[in-house]
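Going line by line, the protein sequences match chains A and B.
Read in order, the letters of the first sequence are residues 1 to 95 in full-length UniProt numbering.
Read in order, the letters of the second sequence are residues 1 to 171 in full-length UniProt numbering.
Since the hints were derived computationally from the structure, they do not count as laboratory data.
Since the structure is predicted, the reported quantities are computational estimates derived from the model, not experimental observations.
Glycine included, each C-beta is placed from N, C-alpha and C at the ideal position.
Mixed in with the good hints there might be a few duds.
Between beta-carbon pairs, the in silico distance windows are [claimed, not checked]:
1) B:Glu45 - A:Pro17: 49 to 57 Å
2) B:Asp159 - A:His24: 24 to 32 Å
3) A:Pro17 - B:Glu168: 46 to 54 Å
4) A:Ser43 - B:Ala17: 53 to 61 Å
5) B:Pro60 - A:Glu5: 48 to 56 Å
6) B:Pro122 - A:Asp85: 34 to 42 Å
7) A:Asp81 - B:His170: 32 to 40 Å
8) A:Pro17 - B:Gly128: 43 to 51 Å
9) B:Ala110 - A:Leu29: 27 to 35 Å
10) A:Ser43 - B:Thr62: 44 to 52 Å
11) B:Asp159 - A:Ala73: 52 to 60 Å
12) A:Asp85 - B:Ala110: 47 to 55 Å
13) A:Leu29 - B:Thr25: 37 to 45 Å
Chain residues, written in single-letter form:
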Amino acid sequence: MTVDEPAITLYRLQACPFCERVVHVLDELDIAYESRFVEPMHSDRNVVKRISGKRTVPAIVDDETGVTMSESANIVDYLRDTYGDGSGAAEGGAA
Amino acid sequence: MVDFDVVDLPDSDHPEAGDTAPDFTRPLVGPEYWEDVALSELTDEGPVLLVFHPMDGAFPATYVWNNLRDHGVVDRVTTVGVSISSPYEHKTLLAERGIEDSVCLYSDPAAGVADGYGIENPLDGMTGVTEHRPAVFLLDEDRTVEYAWVASEWPDFPDYEEVADAVEEHA
């Protein structure tokens, strides 16, 4: 198995609806990603805090663009703007 | 050495020294998260000690990890375990055995990896539950087996000195 590592890493909590929402959009846009499952205990999620500054999930790291981001609504907008067909929900404007 | 009855396990068709160990991908549990990792990703970085053990919480799992830890093996080579336990149970085992900084554990609830290695152990009295027969494989960078031990009795434990010597020699 010498598959290239996907650019996007998704930090997620099992069965977290906000995480599933991001997964849904990743799948919809056919974006490869790698899942890292973290602790249910908020206080134990130091890895998420280190990468994003917060302990909330979902959080994504996109090595392609250098973006790290939390909050599912933000992530969904970002994914649609960056990888969608240009008809994303968020106002564009980003180069 | 033992004064209780042990059960002989049937012969197993497991990889021997010189064979290539089957690759597999399963969630690998580390100190902070778990993610799918192929065994070959680990061996690409160097030798790997692959330890199959009974489900977390069973006394053999506790003994095996205490001994590998106390023999200093886990600090000398990349060491990963495999059991049918969930990632949540693996987190507990790593913490309770004090090995979260040196060992990662694969979660293989359906024991599919045991099938590939010829070390399935259907458990008597636990209908529908098959786990991995206790086994230790030392693999080089190409997943070539340098050392192999597979339980022939139940319960059965690796010879930790022998494992330590193998690690000393090959890793």
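### Query
Of the numbered hints stated previously, which ones are contradicted by the structure, given in increasing order?
Going through the list in order, the structure violates hints 1, 2, 4, 5, 6, 7, 8, 10, 12 and 13 and respects the others.
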